[in-house]
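Q: The chain contents come next:
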Amino acid sequence: MSDTLHQTPLHALNLELGAKMVPFAGYEMPIQYKAGLMAEHLHTRSSAGLFDVSHMGQLRIAAKSGDVRDAALALETLIPADYAALGVHRQRYGLLTNDEGGIRDDLMVANMGQDLFVVVNASCKHQDADLIEKALGDRCIVTRHFDRALIALQGPEAQNALTSLCPAAADMKFMDAIETELAGVSVTLSRSGYTGEDGYEIGIAAKDAETVARALLAQPQILPIGLGARDSLRLEAGLCLYGNDIDPTTTPIEASLAWAIQKARREGGSREGGYPGADIVLRQAREGVSRKRVGLMAEGRAPVRAGAKLFADAEGTKEIGVVTSGAFGPTVNAPVAMGYVATEFADVDTALFAELRGKFVPVHVRAMPFVAPGFKR
Amino acid sequence: MTTYYTKSHEWIRLDGEEATVGITAHASEELGELVFVEAKDEGTEVAAGDTAAVVESVKAASDIYAPVAGTLSGFNTKLSDEPTLVGSDAEGEGWIYKMTVSNPDDLKGLLTAEQYKSL
Numbered sequence: 001m002s003d004t005l006h007q008t009p010l011h012a013l014n015l016e017l018g019a020k021m022v023p024f025a026g027y028e029m030p031i032q033y034k035a036g037l038m039a040e041h042l043h044t045r046s047s048a049g050l051f052d053v054s055h056m057g058q059l060r061i062a063a064k065s066g067d068v069r070d071a072a073l074a075l076e077t078l079i080p081a082d083y084a085a086l087g088v089h090r091q092r093y094g095l096l097t098n099d100e101g102g103i104r105d106d107l108m109v110a111n112m113g114q115d116l117f118v119v120v121n122a123s124c125k126h127q128d129a130d131l132i133e134k135a136l137g138d139r140c141i142v143t144r145h146f147d148r149a150l151i152a153l154q155g156p157e158a159q160n161a162l163t164s165l166c167p168a169a170a171d172m173k174f175m176d177a178i179e180t181e182l183a184g185v186s187v188t189l190s191r192s193g194y195t196g197e198d199g200y201e202i203g204i205a206a207k208d209a210e211t212v213a214r215a216l217l218a219q220p221q222i223l224p225i226g227l228g229a230r231d232s233l234r235l236e237a238g239l240c241l242y243g244n245d246i247d248p249t250t251t252p253i254e255a256s257l258a259w260a261i262q263k264a265r266r267e268g269g270s271r272e273g274g275y276p277g278a279d280i281v282l283r284q285a286r287e288g289v290s291r292k293r294v295g296l297m298a299e300g301r302a303p304v305r306a307g308a309k310l311f312a313d314a315e316g317t318k319e320i321g322v323v324t325s326g327a328f329g330p331t332v333n334a335p336v337a338m339g340y341v342a343t344e345f346a347d348v349d350t351a352l353f354a355e356l357r358g359k360f361v362p363v364h365v366r367a368m369p370f371v372a373p374g375f376k377r
Numbered sequence: 001m002t003t004y005y006t007k008s009h010e011w012i013r014l015d016g017e018e019a020t021v022g023i024t025a026h027a028s029e030e031l032g033e034l035v036f037v038e039a040k041d042e043g044t045e046v047a048a049g050d051t052a053a054v055v056e057s058v059k060a061a062s063d064i065y066a067p068v069a070g071t072l073s074g075f076n077t078k079l080s081d082e083p084t085l086v087g088s089d090a091e092g093e094g095w096i097y098k099m100t101v102s103n104p105d106d107l108k109g110l111l112t113a114e115q116y117k118s119l
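Quick mapping for you: the protein sequence lines, in order, are chains A and B. With UniProt numbering, letter number 371 in the first sequence gets 371, and the count goes up by one each step, no holes. With UniProt numbering, letter number 75 in the second sequence gets 75, and the count goes up by one each step, no holes.
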């Protein structure tokens, strides 16, 4: 393994747990542990799984005025979400846009009362922090906590497993975010994740990360889960992988992420627009788009994967889209995918064909998520 | 019957003119649990190193090559319903396809079990 790769604070523990390590976003990351991808995926859906996602970037944004609402309003100049109305100890998904209305990154923002707690994708974290600092630096202090660990605990047993170590966890609802203690360690705890299951994400100082991880892994419900299963879990949940399903060339409207733009930021809202590319996004919301991100299920058992071309006809003469993520869904027990199709082919149940090894396999547009979400609202 | 191996982790066993081909236990372990296996149609002529079949795990598709030149003559249809057979018995019940070999002597250029093990 190249020594230029970063290691997470849980690196030694990952090796001890028998993880197969791979390079990912500049880090040496566990792709799977001993149980293997399929078993890890199914265990997360039936019990609880622990994921080392410390490669993701944690940031804090504090307003120089001392009022967290000023930080929220400042961040709204980069993101078409309603953060000014985000309550204390609440978290909300968001999208950083570029001047063309494309997506620079997707992220989570929590109002921690004093400041905003932000989690961004690993591959974008430096450019995101630079962008936020440049745009907000006159009004806000942006602090990078890229050395901190982040653990996701996901699955229907996550609450039961966590409560003995952290009683406060039981009272949290989906997308609550608090500062608390877990196994005697100060953590940032949110009830969120990226698997479609109930669960938590835990931000921890690097020096304490292993203590927390070991305390969690000592719970009988919890197994360590690698990034391989994380990918199939998020795909079944209909969640986008940045760089595959969304990127600087796809807009929130094309990506079917208009739900991430709250009313206040839409046309006629109290803070309409006001973010990079707003004119394009607002126009697309009003007039429609020529392509949309949709869920797809192929007939048979063969997975249709990222890059597969989509056609309107079984002969493959009329190309109408492309698959951006695809795998075999262990819980669905069938191939699942998502991709972009011309809008006239985006309705649920539309019959399409995907090119697979020179053949044209029947696929249907299907509603996402592919599995019922387990969130505690 | 002697089993021969390739650097790309196939095994091949010749019985008369027809050979049976699969992937090694080591390869199967590396790939993880399989969800789909498919071979090219019967009658397809292949050169050594041509793609003859594909195996898919949750995460990735992997090509399975023809160890020697020949013509595909059958697919292990059990794998259509039970692709995990490859994982449980890679060099037995989990065989993938059969082929008639153009020149049986070609097998002698492949790896022996000992040579494969020492890779």
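Be a bit skeptical, because a hint or two may be false.
[Stated by the list, open to error] Calculated lysine to aspartate or glutamate pairs in the EDC-like style (CA-CA distance at most 20 Å, straight line):
#1 LYS34(A) x GLU30(B)
#2 LYS359(A) x ASP50(B)
#3 LYS34(A) x GLU33(B)
#4 LYS34(A) x GLU29(B)
#5 LYS64(A) x ASP176(A)
Source of the hints: derived by calculation from the structure; they are not laboratory data. Quick caveat: nothing in here was measured; it's all calculated off a predicted structure.
Q: Identify every previously stated hint that the structure contradicts and give their numbers, smallest first.
A: 5
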